[in-house]
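Visitor: Protein chains in written order, with this note's numbering: chain A, 8 to 335; chain B, 41 to 312; chain C, 509 to 838.
Please note that the accuracy of each hint is not assured.
25 Å max Cα-Cα, derived SDA-like pairs, lysine to any residue [to be verified]: (1) A:K75 <-> B:A283; (2) A:K75 <-> C:V567; (3) B:K92 <-> C:F584.
Read the hints as simulated data drawn from the structure, not as lab findings. Note that the coordinates shown come from a computational prediction; the quantities given were computed from them, not determined experimentally.
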Amino acid sequence: MPRGPRQPWTDRQAAWRLGAVACLVLLVIVLMVGFVAVRAWPALQANGFVHWLGPGGDVDRQLGDMIKTGQDPPDAAYHLRAWPLIYGTLLTTGVSVVVGLAFSVFSAIFIVEFAPDRLRGAVVPAVRLLAAVPSVIYGLIGILVLAPFVGNHLISLDRKASVQNVVQLDGTGVLVAIVVLTVMITPIMIAIVVDALRAIPPAWTEGASALGANRWEAMWTVSVRAARPAIVAAAVLACARALGEAVALSMISGSRGFSPNPADGITYIFEPIRPLAASMVENVDAINAPAVKSSVYAFALLLLLSSLALSVGGYVAKLPMRRQGLRI
Amino acid sequence: MTRSHRLTAAVATAGVLAVAAPAGAQAASTITISGATGSAPLVALLAKKYVKLKPGKVKFKLAQGGGEVGVQDAAAGRVTIGNAARDPRPSDPAGLVFYPIAKDFFCFDTNPANPVPDLTLAQAQAIWTGQVRNWEDVPGSKVTGTIDLIGRTSASSLPPLVQQLLLGNKTISSLAALKPSDGLVEQTVASDKNAIGFNSGYYASQKDVHAVSFNGVACNLQNAKSGQYPGVRNYYEVTRGPAKGAASAFIHWIQKSPVARKIIAAIAIPLD
Amino acid sequence: MATATTPTTSFEAPLVEPFGPRPAPRGDRLRSWRWRHRLAFLVCWACGLALCGVTAAIVIYMGVRGIQYLNLDLLFSRPQPGLAQHTTGGILDPIAGTVMLTIIGIVIAVPLGVTTAVWLVEYGRPAPLARAVESAIEMIAGTPDIVIAIFGLAIFQLPILAPLSFTASGGGVFGRSFLAAGAMMSLIALPLAFGAAREGLMAIPSHMREASWALGKTRICTIRTILLPQIRANVATGAALGMGRIVGDTAVVVVLLGATLQIEAQGDVPVLGTLRGTGSTLTSYVYNASPAGEGNAPQKAYAAAFVLLMIVLVLNLVVDLVGRGRKERR
Chain A
8 MPRGPRQPWT DRQAAWRLGA VACLVLLVIV LMVGFVAVRA WPALQANGFV
58 HWLGPGGDVD RQLGDMIKTG QDPPDAAYHL RAWPLIYGTL LTTGVSVVVG
108 LAFSVFSAIF IVEFAPDRLR GAVVPAVRLL AAVPSVIYGL IGILVLAPFV
158 GNHLISLDRK ASVQNVVQLD GTGVLVAIVV LTVMITPIMI AIVVDALRAI
208 PPAWTEGASA LGANRWEAMW TVSVRAARPA IVAAAVLACA RALGEAVALS
258 MISGSRGFSP NPADGITYIF EPIRPLAASM VENVDAINAP AVKSSVYAFA
308 LLLLLSSLAL SVGGYVAKLP MRRQGLRI
Chain B
41 MTRSHRLTAA VATAGVLAVA APAGAQAAST ITISGATGSA PLVALLAKKY
91 VKLKPGKVKF KLAQGGGEVG VQDAAAGRVT IGNAARDPRP SDPAGLVFYP
141 IAKDFFCFDT NPANPVPDLT LAQAQAIWTG QVRNWEDVPG SKVTGTIDLI
191 GRTSASSLPP LVQQLLLGNK TISSLAALKP SDGLVEQTVA SDKNAIGFNS
241 GYYASQKDVH AVSFNGVACN LQNAKSGQYP GVRNYYEVTR GPAKGAASAF
291 IHWIQKSPVA RKIIAAIAIP LD
Chain C
509 MATATTPTTS FEAPLVEPFG PRPAPRGDRL RSWRWRHRLA FLVCWACGLA
559 LCGVTAAIVI YMGVRGIQYL NLDLLFSRPQ PGLAQHTTGG ILDPIAGTVM
609 LTIIGIVIAV PLGVTTAVWL VEYGRPAPLA RAVESAIEMI AGTPDIVIAI
659 FGLAIFQLPI LAPLSFTASG GGVFGRSFLA AGAMMSLIAL PLAFGAAREG
709 LMAIPSHMRE ASWALGKTRI CTIRTILLPQ IRANVATGAA LGMGRIVGDT
759 AVVVVLLGAT LQIEAQGDVP VLGTLRGTGS TLTSYVYNAS PAGEGNAPQK
809 AYAAAFVLLM IVLVLNLVVD LVGRGRKERR
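With the hints as constraints, model all of the structure from the sequences given.
Guide: This is how it looks when you write it as structure tokens:
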């Protein structure tokens, strides 16, 4: 039935139609948290949340036993103590972010203040390139170049022998994981900090120079201090990226649910670990077994909650800076 | 677009799809397979030949994951056929049917720089349970230093078989590295002088690694066929309930056709 | 709740005048500095040079290996199953898979992102809902890609979404297909498209909108005819950034694309069949061929990684050029 030309949308129609599309996005997040939590529930309930987070036994063996338990597993089949994985995650993320932050701040100061024009023209695209490289390529270089180098040249036979009754060292482990992860998250941090340093009004640093500060002092005491909200934002973003890095770390971190022992001294950095995200990727093949599925979703829930906690933490960390008049 | 234009477009699209759909109704049926990494190349080659012999009738979707995963996937109905590399166990889910298709043998492998001639049962047990940790304590070894144990993940059916047939039911130490596939074990053993692993006999025949005799019996095809060498495993195709339709035709082709037997004989042991 | 800013465009702005260190004030010689400050100066230089060194090392190494192992034959032949490396064929299907997945992801993400940005900037009522939507996008941006992949698996294995993938004969929904992976990839690209569109919209001065309203146009008409054409370059940048992220993502592909060597269509309807089917992309191929996956073919891994790196660099260059063009026009 012909009705004449199509009527254009009125503003009110447009508002709720567009709003409905925008609410789809909200729905996605709600569904994500909901699905992950519901599927993680059996594992957490069977173990008790606190016990599940704690240590106890060989987590690899526990995950392996889950595969054989069939479609209707009893509560005992969900037994898991995830502490070695959590420890590995905290270790790699924490150290990478701290080292990366220091490196990024100094690099940013270099780019903004000290670099000659030609060198800056090389460093800025270099950082952009590093940020764009896919994580699987970092993992490939790690496992085909760095890990054999560490295994053959840095780990002496004596060192291997010293821990031979507890764990095998083969090059992949804490050291390679931290080095590669730091290289992966540094470009993001540099980008944010450079932006913030560039946004400082030059009058502030000129004022510092007028009072007798040299270039470094002016930079450090004025610009970097004023850019603290950005530095916090950079750290939070890098932390979130490091937490979620699954593929590169599954290739280079040793693939053993092992808690490195600080009492081993230097050998500590050569021992294998496996962070949470890497554990998820490695167990996805077996995810049809309900016990494994629940455990993997429990890892996912842990990662989701950590990302959320990071965002809130970042916001809270920037609050006192707001009082000083810095724009957050 | 006016309303009438849009209506025409919709009808036209529906018409095209309606024509395409009946043609698709006679589509090839799809067989999904997942499971053991040991038999995966064999099944892949068989599938490739089968598709060439019967074009358009059947399509294959091949995944791996490990023998245990294959059995569980078949039991849950997520795949049509699971590749299993071990005999059926009482703890397997009910209703599974195991169709034997081939046999394979597995050896202990060491690096060519360390051609250990023989391991007795006691020596193998001592090494793999982690009691003996240095090559100096193993007679016949040509290297010194820590023994690197290269094992497989729990998704593989090979470790329980090795434990049962070559280690007198002792458990492999948790020190062993966990590799997800046969190919990786071979690569690791071939590049690490101090490594020892267990793998399909096919890899030893490629000369990348050295196969160790067990209890004085060399690990090779003749000894495996004659039964003297204990390390033999059966490859099965596992289905939930008796195989039906295209899956049944494929499995019977593997078991009966001489073309299939030739393919199997190239990289494993055919059944006779 | 203000959360960490997503650096959508923070580093895409090319070098803009005036830029660079202020010329050193006269008399500020390094010799007059305290040793602590000289040390800091050295550390800054060391970090800068190390940055260049690491980048050069990665690019040169991947380039050398790639040229060593990549040949035209590999680019145009399909991957085959095989036990030894020289029998495993080429990388044509992974390249096609990467392209297909990127297209699906962008086709979903860009309209969704632009619509959400338009609603947020131009309407945005009620205010709590607007803040919630903004926080939701930040949350999606901060979610690890493996969690998004697992969520995708949960969603697409529901029986209601069975037509989007393959149902095994036992009744289990496979849940892995190009559509499933593409839908989750769009989530990964969404915050970038949204951020770029929002930045573009906020940069348009309000007098343009007001002039249009003064002429009697409705808000939605203003958006359609005046604002959207102006943010085309921003949206292109956002789309290119999103494509870069999609091309480089591995976790979603490993979980949701079914891990078959070749692209296997599901059913016989021409395009829909491939979308419902499984396959692989360059990233999952590199992962599987490396010593961490099941393949064990490092030479093929290098070749595929080289192709992947080239694609990502070209995309980056496109973003650069579009951004520079935009800045010059302003």
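Visitor: Now tell me if each hint is right for this structure.
Guide: Hint check results:
For the hint pairing K75 (chain A) with A283 (chain B), the CA-to-CA distance comes to about 23 Å; that is within 25 Å, so the pair holds. Taking the CA atoms of K75 (chain A) and V567 (chain C), the gap is near 44 Å; set against the 25 Å cutoff, the hint is violated. For the proposed pair K92 (chain B) and F584 (chain C), the alpha carbon gap of about 21 Å is at most 25 Å, so the pair holds.
Going down the numbered hints, you'll see the structure goes against just number 2.
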